[in-house]
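2 protein chains.
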Amino acid sequence: MAETVSSPEKPNRRLDPEDAQLALARVQEQLRRHALVEYLVHQQEEGDERGPLVEGLMHRQHEQELRSLVNDLHPADIAFILESLPKEERQLIWQMVQSEFDADVLLEVADWVRQSLIETMDRADLVAATENMEADEIADLVANLPPDVIAEVQKGLTVKERAQLIEAMGYPEDSVGGIMDFEMVRVRDDVSLEVVLRYLRRQPELPDHTDQIFVVDRTDRLLGVLSLSTLLVNDPDSMVRDVMSTDYLTLNPHDTDAEAAGAFERYDLVSAPVVDDRGRLIGRVTIADVVDVIREDSDEQALSRAGMQEEDIFAPVLRALRNRAPWLLLNLCTASTAAFVASRFEDTVSHIVVLAFLMSIVAGIGGNSGNQTMTLIIRALAVGRVTNQNAWQLVKREFLVTLLVGLAGSFVAGLFAWWISSSIPIALVMIAAMIGNMLIGALVGVMVPMVRARFGKDPAIGSSVLLTFATDSLGFFLFLGLATLFLV
Amino acid sequence: MAETVSSPEKPNRRLDPEDAQLALARVQEQLRRHALVEYLVHQQEEGDERGPLVEGLMHRQHEQELRSLVNDLHPADIAFILESLPKEERQLIWQMVQSEFDADVLLEVADWVRQSLIETMDRADLVAATENMEADEIADLVANLPPDVIAEVQKGLTVKERAQLIEAMGYPEDSVGGIMDFEMVRVRDDVSLEVVLRYLRRQPELPDHTDQIFVVDRTDRLLGVLSLSTLLVNDPDSMVRDVMSTDYLTLNPHDTDAEAAGAFERYDLVSAPVVDDRGRLIGRVTIADVVDVIREDSDEQALSRAGMQEEDIFAPVLRALRNRAPWLLLNLCTASTAAFVASRFEDTVSHIVVLAFLMSIVAGIGGNSGNQTMTLIIRALAVGRVTNQNAWQLVKREFLVTLLVGLAGSFVAGLFAWWISSSIPIALVMIAAMIGNMLIGALVGVMVPMVRARFGKDPAIGSSVLLTFATDSLGFFLFLGLATLFLV
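These protein sequences, in sequence, are chains P and R. Here my numbering is used: the first residue of the first sequence is 8, the next is one more, and so on. Here my numbering is used: the first residue of the second sequence is 8, the next is one more, and so on.
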């Protein structure tokens, strides 16, 4: 066993997502063999007495390999592997993870995986994993923990930690209060850097992502920040108040996490102090939380555009159904409404059947063109680039661009219509309807996000359903209406 | 002028994106007034001799207000304001920015804005702005700078900096080499922390985002990393080699920036060393660059889904046309092909006109359902969750989910078809075609990204056009084909 002890000769634990992916493939391979052995042994179970023995041997071997594979990884990589396995295999692997990693892995895994891990742990394991967590970390897990475990863990907290836990639980998940932590270094402004250095040397370690320490007065009011860089390059005899910076960003616990992320991005921050309305330092947000917020927001956007929420790719099929069906039903309703609108022109279509094949082109291009406009407007709104002064300019520009693209595109569409119908009037109706529907797309693409943003809603959500609804129904109406007026 | 000098009484420069947004609104307001004065003076130019005088006075006042508004901001906020203005106003404001901020603002602004700023600067300004930049920063600007300025700036570089510039220019923009910088602190492993602390104290400042310093040997081979936290909490008499960490992530300059971003996210890094194939330290990537990469990737994805590239919302209309038209023309082609497929069933449709209104529902739902599958698969591929072992499982699951959603959804659609056509056979054809087309959507949604990923291409790009093409054309074919077989 000597070689498993950490020693100078031991190779580094490499941090590398690609290694984690290779480890995942090997874990899956081992699990497959494991299942195969079980199957074979099960097959010959009755005839052969050595069955259970062989099975036991093989199992132990597989298990040992899996154990060493998994426990050699960084907790974030263990979390990745657990997220990438179906529930039963995930729980099998989770039981092989050394308990010292339990806390870190539980904090790393995605929300939709955590519950399935906690299910397999008994009360003692859970208490052991959570009792050394920080208050803000416990707050993140509270939703998943059984009440008796929470009670037990709370007993072990100091009065201050319990107050922090209650505070952290009081903020919404997507607020600065929901992502802040309480670990930070505070110093007074009337001491020298030498005193600060000696104070730091007495700590076992600094909180993760400490790039600056906070200068506060007796009542915890924030007076300035002292970056480690400033601390290290200045004369130790300098006083904190003479070298600290007073140009800094502060966050309010009620700010949204997206606002915090925007500020971190713009000013390239690693950490930022959170102060309450009276200017008192109550917490700290770090770049690690912010990167998670940015990634989650981007994932959420991609998923919500397809009408879904985050989904465990190995969740039971019924849960996936619940996730996806509502959006499809909504789309079915809008498509049916559009079909109903078109069916009002049954006489026209039965006279000129080719209209039936051209009308979906008109509807589709209007939707695609409107989607381009909407994507741009949503982005401009997201970064705060749209103001009262320039909103009108933007709208005018979008209409002009759409009109020009429409002129070019509808000419091509008109040629197609002429080719398929051998009728110039039909081609002209096609051109007019297509330009008209693209302008409808531009109008909806501009208005819906702007109106939603004006009322404080997320401009992205639901916009695309409304857009498709408008360009489908009105596209059909415009095209078949014009055809009825001029062709029949 | 005394009050503009930085003094202890001067209020902090607040870093706050909301302040920058307010400043933007005020800048726009001032610009509007400025334009109004010009217009009024122009109107009465001939009749009134005081015209030019009033104009001059008003202009100076507006200009002074604008100047102090803008120059009071963080360079990143100045960049935000410049990005949010049309070209002429942008250039007007840019001329008011103090030259000491020029370099920072040029580095902060988006690519599509930089060119319009550089256009307004003369050679001396440009040389002054760039000559104090780091080699990696100059490399980022090279594409936008006139050749004579580059030559001039190169003359001012040391031999080492010139080598770094050439190295930085040699890597693609989206590689680790393209985002790394060369500023970092290196120490040897055979010195004490006290020596390191004294060495740091001799620096004017540490490079931005220094959370660790790098331990190298005589030939610059990386031996370990020493976090500032370790440096600060340990006894100054400890030797570097005894406290440095050897568990760390290294990047290769040829890794993609997306791989680096994935690693930073997973391991919560602030900086990471870049080493060449021989293990020698050549650069460093920081979280600030990584956050930009994450944000740009997410923006690019959102835009490319709508068939666009990053666009200046105030760019000339013709440039916007070039950006948007190709995608719309491509969609026009696929929609026309689908229409052509449908038109082969003209006889059937002229017999049963209601098919014309139902066929777009079949096509639309297939596309939406396939889009859900594709979104999930693209995400699973992006995080490396799809392996040879589980690919088949994922495919089976997607088909099962789609089949179940299809059964439920097509029942509703069948009811609608029955209501609108009063024909049970039509409703049955509708149900069969819809389930079939949803399965086609699932097949394309799974296969296209997986095949693209297998050949090392970005699974997201172009997938949605192919999906719509398949579900439209095959949807029409399936529905009208079944109708021709069973109803005519």
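Each hint should be verified, as a subset may be incorrect.
To be verified - The list that follows gives simulated cross-link-like pairs (lysine-lysine, DSS-like), each with its CA atoms no further than 27 Å apart:
#1 R/Lys94 x P/Lys403
#2 P/Lys94 x R/Lys94
#3 P/Lys167 x P/Lys94
#4 R/Lys162 x R/Lys94
Stated by the list, open to error - Pairwise CB distance ranges, derived in the manner of DEER restraints:
#5 R/Asp215 x P/Arg205: 22 to 28 Å
#6 P/Val458 x R/Leu164: 51 to 57 Å
#7 P/Asp79 x R/Asp215: 42 to 48 Å
#8 P/Asp244 x R/Asp254: 55 to 61 Å
#9 P/Leu164 x R/Arg39: 41 to 47 Å
#10 P/Arg205 x R/Leu164: 40 to 46 Å
#11 R/Leu492 x P/Thr127: 51 to 57 Å
#12 P/Leu164 x R/Asp284: 33 to 39 Å
#13 P/Leu164 x R/Ser245: 31 to 37 Å
#14 R/Glu138 x P/Met103: 39 to 45 Å
#15 R/Met176 x P/Met103: 30 to 36 Å
Unchecked claim - One side only, chain R facing chain P, incomplete, derived with CB under 10 Å:
#16 Tyr46
#17 Leu73
#18 Ser75
#19 Asn78
#20 Thr127
#21 Asp129
#22 Leu213
#23 His261
#24 Ala313
#25 Asn338
#26 Val360
#27 Val361
If you are wondering where the hints come from, they were derived from the structure by calculation, not from laboratory data. Where a beta carbon is used, it is the ideal one built from N, C-alpha and C, also for glycine.
Structure-based check of all given hints:
With a C-alpha separation of about 16 Å, the suggested pairing of R/Lys94 with P/Lys403 holds against the 27 Å cut-off. Between P/Lys94 and R/Lys94, the direct Cα distance comes to roughly 55 Å. Violation of the 27 Å bound is thereby established for this hinted pair. A threshold of 27 Å between alpha carbons decides the hint, and for P/Lys167 with P/Lys94 the separation of about 38 Å lies outside it, so the pair is violated. Annotation: proposed proximity of R/Lys162 to R/Lys94 is violated, straight-line Cα distance about 32 Å (limit 27 Å).
The given range of 22 to 28 Å is respected by R/Asp215 and P/Arg205, whose C-beta atoms sit roughly 27 Å from each other. P/Val458 and R/Leu164 have their C-beta atoms about 53 Å apart, which keeps the hinted 51 to 57 Å range intact. Take P/Asp79 and R/Asp215: their Cβ atoms lie about 34 Å apart, and the range 42 to 48 Å is violated. Evaluation of the 55 to 61 Å hint for P/Asp244 and R/Asp254 yields a failure: the beta carbon distance comes to about 36 Å.
Checked against the given bound of 41 to 47 Å, the beta carbons of P/Leu164 and R/Arg39, roughly 57 Å apart, lie outside it. Range check, P/Arg205 to R/Leu164: Cβ separation about 42 Å, and the 40 to 46 Å hint holds. For R/Leu492 and P/Thr127, the Cβ-Cβ distance of about 53 Å falls inside the hinted range of 51 to 57 Å, so the restraint holds. In this structure, P/Leu164 and R/Asp284 break the distance hint of 33 to 39 Å, their C-beta atoms being roughly 50 Å apart.
Taking the beta carbon of each, P/Leu164 and R/Ser245 are about 34 Å apart, inside 31 to 37 Å as hinted. Taking the beta carbon of each, R/Glu138 and P/Met103 are about 58 Å apart, not inside 39 to 45 Å as hinted. Restraint check, R/Met176 to P/Met103: a C-beta distance of roughly 49 Å breaks the suggested window 30 to 36 Å. Interface hint status for R/Tyr46: violated, as the beta-carbon distance to the closest one in chain P is roughly 16 Å, over 10 Å.
Annotation: R/Leu73 was flagged as interfacial toward chain P, and the flag is violated, the nearest CB pair being 14 Å apart, outside 10 Å. Proximity of R/Ser75 to chain P is violated relative to the hint, the smallest CB-CB distance being about 17 Å (cut-off 10 Å). At about 14 Å, the closest approach between the beta carbon of R/Asn78 and any beta carbon in chain P exceeds 10 Å, and the interface hint on this residue is violated. Hint on R/Thr127 is violated. Least Cβ distance to chain P is approximately 21 Å, over the 10 Å limit.
At a threshold of 10 Å, the smallest CB-CB gap from R/Asp129 to chain P is about 29 Å, leaving the interface hint violated. At about 4 Å, the closest approach between the beta carbon of R/Leu213 and any beta carbon in chain P falls short of 10 Å, and the interface hint on this residue holds. A cut of 10 Å between beta carbons decides the hint on R/His261: the least distance to chain P is about 13 Å, and the hint is violated. A least Cβ separation of about 4 Å between R/Ala313 and chain P falls short of the 10 Å threshold, and the interface hint therefore holds.
About 5 Å separates the beta-carbon of R/Asn338 from the nearest beta-carbon of chain P, less than 10 Å, and the hint is met. With a cut of 10 Å, the hint placing R/Val360 at the interface with chain P holds, because the nearest CB-to-CB distance is about 4 Å. The closest approach between the C-beta of R/Val361 and any C-beta of chain P is roughly 7 Å, which is under the 10 Å cut-off, so the hint is satisfied.
When the structure is compared with the earlier hints, violations turn up for hints 2, 3, 4, 7, 8, 9, 12, 14, 15, 16, 17, 18, 19, 20, 21, 23 and for no others.
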